[in-house]
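Chain residues, written in single-letter form:
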Amino acid sequence: MSAAEAGALSPLGLGLERFRANRTALLAAAVILLFVLAALSAPWIAPHDPADADLFRRLQPPAWLEGGEWGFPLGCDSLGRDILSRLLFGARVSLLVAAIVICIAAVIGTLAGLAAGYLRGWTDTLIGRLVDTLLGFPYLVFAIGLMAMMGPGLHNIILVLVYKEWVFSCRVVRGETLAAREQDYVEAARALGAGPGHIMLREILPNVLSPVLVVATFRMAYVIIMEASLSFLGLGVQPPTPSWGSMVADGRDFLVDAWWVSTLPGLAILMLVLAINLASQGLRDAFDPRLHSA
Amino acid sequence: MTASRLLERLFQTLPVLLGVSLIVFLMITLTPGDPVEIMLADSRATPEQAAVLRHDLGLDRPLPERFLIFLGRALTGDFGISFFHRRPVWDVLVERLPATIELTLAAILLALAVAIPLGVAAAVKRDTWMDRALSAISLFGVSLPGFWFGILLILLFAVQWGIFPVGGRTSFDLEVARITGFLLIDTLLAGRLDAFGAALRHLALPAITLGLPTAALLARVVRSAMAEVLTSDYVLFAEAKGLSRGRVLLRHALKNALIPVVTVAAIETGSLLGGNMIVETVFGWPGLGRLVVESIFARNYPLVQAAVLFYAVTYVVLNFVADLLYTGLNPKVRL
Chain A
1 MSAAEAGALS PLGLGLERFR ANRTALLAAA VILLFVLAAL SAPWIAPHDP ADADLFRRLQ
61 PPAWLEGGEW GFPLGCDSLG RDILSRLLFG ARVSLLVAAI VICIAAVIGT LAGLAAGYLR
121 GWTDTLIGRL VDTLLGFPYL VFAIGLMAMM GPGLHNIILV LVYKEWVFSC RVVRGETLAA
181 REQDYVEAAR ALGAGPGHIM LREILPNVLS PVLVVATFRM AYVIIMEASL SFLGLGVQPP
241 TPSWGSMVAD GRDFLVDAWW VSTLPGLAIL MLVLAINLAS QGLRDAFDPR LHSA
Chain B
1 MTASRLLERL FQTLPVLLGV SLIVFLMITL TPGDPVEIML ADSRATPEQA AVLRHDLGLD
61 RPLPERFLIF LGRALTGDFG ISFFHRRPVW DVLVERLPAT IELTLAAILL ALAVAIPLGV
121 AAAVKRDTWM DRALSAISLF GVSLPGFWFG ILLILLFAVQ WGIFPVGGRT SFDLEVARIT
181 GFLLIDTLLA GRLDAFGAAL RHLALPAITL GLPTAALLAR VVRSAMAEVL TSDYVLFAEA
241 KGLSRGRVLL RHALKNALIP VVTVAAIETG SLLGGNMIVE TVFGWPGLGR LVVESIFARN
301 YPLVQAAVLF YAVTYVVLNF VADLLYTGLN PKVRL
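As you go down the protein sequences, you meet chains A and B in turn. Just so it is clear: in the first sequence, position 226 is 226 by UniProt numbering, and no numbers are missing. Just so it is clear: in the second sequence, position 41 is 41 by UniProt numbering, and no numbers are missing.
One or more of the hints may lead you astray.
No farther apart than 25 Å at their CA atoms in a straight line, the calculated lysine to aspartate or glutamate pairs in the DMTMM-like style are these [claimed, not checked]: (1) A:Lys-164 x B:Asp-323; (2) A:Lys-164 x A:Asp-184; (3) A:Lys-164 x B:Glu-239; (4) B:Lys-125 x A:Asp-132; (5) B:Lys-255 x B:Asp-78; (6) B:Lys-125 x B:Glu-95; (7) B:Lys-125 x B:Glu-239; (8) B:Lys-255 x B:Asp-323; (9) B:Lys-255 x B:Asp-131.
Computed list of chain A residues with no C-beta within reach of chain B, every gap over 12 Å [unchecked claim]: (10) His-48; (11) Leu-209; (12) Gly-245.
The set of hints was computed from the structure by calculation and includes no laboratory data. Backbone N, C-alpha and C fix where the C-beta goes; we use that ideal spot for every residue, glycine too.
Sequences and hints are given; from them, build the entire structure.
In structure tokens, the structure reads:
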């Protein structure tokens with residue numbers, strides 16, 4: 001890409017261009033896309049109903065092991081339910097929770113960060129105190145404590161994670177806004193008589209979007225592990241809805257006879273989280289101008 | 001750092017501690033369900049008796065007043081009676097604490113022992129296969145769900161190869177008298193090497209589960225701190241003086257590179273306490289984390305409340321300590 005072409009691209013376009021050149025990140029993005037497609041099409045591609053129990057198939061091994069059959073490629077769990085189908089439906093829970101939590105948290109965090117960084121004064125103090133307080137809890141402790149009080153369920157998981165998650169984008173946006181506040185283009189807008197709302201949303205917001213994007217993908221990996229951990233403890237999504245975390249928990253009692261029941265859902269979590277982490281590294285490298293000037 | 005500076009820092013953590021207590025208080029207070037009904041669930045109490053109990057517990061007073069009472073009691077370690085144990089919550093908590101601290105310390109020491117050599121090696125051999133391997137491994141480490149990693153270790157090292165026990169803190173026939181509550185110390189005090197060995201073997205898998213992902217994170221910190229120090233003038237000068245490579249690395253570079261490492265390790269210790277809930281559940285480790293998880297399902301709310309507050313306060317304090325360490329160890333930072 002020539003300098004002239006690079007000059008014609010917006011920062012976002014330039015970042016995407018750089019991301020496309022990173023083969024590891026592209027591969028990771030493809031893996032994520034595969035998971036998303038599998039989750040979306042689960043009702044059509046799953047070979048069985050994920051809740052269909054058949055005690056004759058209790059702990060049936062995966063197809064490639066003795067006693068397995070290709071009709072149930074990854075074997076069955078302790079109630080004889082098809083593990084592949086449950087994995088596919090479980091992907092829906094993981095991705096849905098992560099996507100909703102990250103989107104809501106990014107919106108709240110960005111708005112709060114803009115307000116704190118641009119308005120300063122008591123707004124900044126108030127938001128800053130709230131952020132410090134929420135950071136005063138280890139994440140898991142906060143989530144477990146709240147889930148214990150609010151009761152399990154998909155709804156509550158999303159709420160509990162949002163309560164804490166917005167803090168991370170808020171901190172980043174506040175920092176970026178503080179820096180942007182002193183820039184010429186903001187001064188110019190102010191001199192032209194633009195109000196704080198206009199300056200925050202129209203002038204500063206477009207310039208802080210790429211760090212928000214990087215933080216959001218990076219945090220998404222964490223949120224998936226949190227949801228799985230809560231479900232593992234029995235505080236998350238309730239049966240019969242399959243979730244990867246509770247599937248791992250279900251298999252714990254059968255480690256000696258049926259290793260696949262716990263192992264396979266964990267492997268799915270690991271693959272998805274690893275892919276997201278790799279992709280977010282690629283995004284950071286592509287969008288963080290500080291890394292590129294170095 | 002001067003004493004007044006220290007005091008000022010201490011005061012800065014007060015609003016956080018207050019905010020944390022408020023959230024913990026609200027967690028319980030705004031929970032649907034009447035604590036009096038839960039407490040009286042098994043008895044046939046009349047509405048009048050329930051009202052008396054509600055009054056005795058102070059539940060009929062306005063919220064701000066109740067928060068102040070809660071704060072005052074928390075400061076004296078009074079968190080009420082554990083519904084389940086029928087003993088003061090604080091006593092139950094303290095009893096379970098040594099097992100959790102033992103596990104956390106073992107994990108953080110293991111993490112440091114793994115992370116420092118790996119991080120130094122990666123920094124010295126920057127941009128070689130070793131460096132790239134380390135960053136791949138540490139990415140893997142942070143992507144690993146802790147509960148699943150523990151189960152995998154049980155599957156391989158306990159079920160398959162029988163090297164380590166599946167769970168618990170020691171074998172039934174090797175229990176020793178409780179003195180400190182720290183099993184590794186108590187067994188040595190009792191002079192029972194066999195029991196010490198058993199305790200160590202039981203500690204191994206949970207400590208690895210908790211420690212290795214932390215090592216992945218710390219190794220990154222070691223690497224970047226060490227890489228920065230290695231390009232600094234004083235290290236180049238030491239090398240120019242003709243000092244041996246090992247001496248330069250250990251005496252000059254590592255000593256300074258460890259400052260951020262110690263800081264992050266202190267903060268991570270706080271996170272590990274939270275992560276304990278998962279690992280203790282997986283390994284049946286009789287610590288605070290498992291107690292909390294059990295208490296949630298037993299609806300033993302006073303205990304959950306006290307434990308969450310305890311974790312949060314410890315976390316805030318450890319962050320404060322990390323801050324002090326960073327300032328204290330680094331001659332360049334003078335706040």
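Evaluated hints:
no., hint, in the structure
1, A:Lys-164 x B:Asp-323, "holds (23 Å)"
2, A:Lys-164 x A:Asp-184, "violated (34 Å)"
3, A:Lys-164 x B:Glu-239, "violated (48 Å)"
4, B:Lys-125 x A:Asp-132, "violated (38 Å)"
5, B:Lys-255 x B:Asp-78, "violated (43 Å)"
6, B:Lys-125 x B:Glu-95, "violated (47 Å)"
7, B:Lys-125 x B:Glu-239, "holds (17 Å)"
8, B:Lys-255 x B:Asp-323, "holds (18 Å)"
9, B:Lys-255 x B:Asp-131, "holds (21 Å)"
10, His-48, "holds (24 Å)"
11, Leu-209, "holds (25 Å)"
12, Gly-245, "violated (7 Å)"
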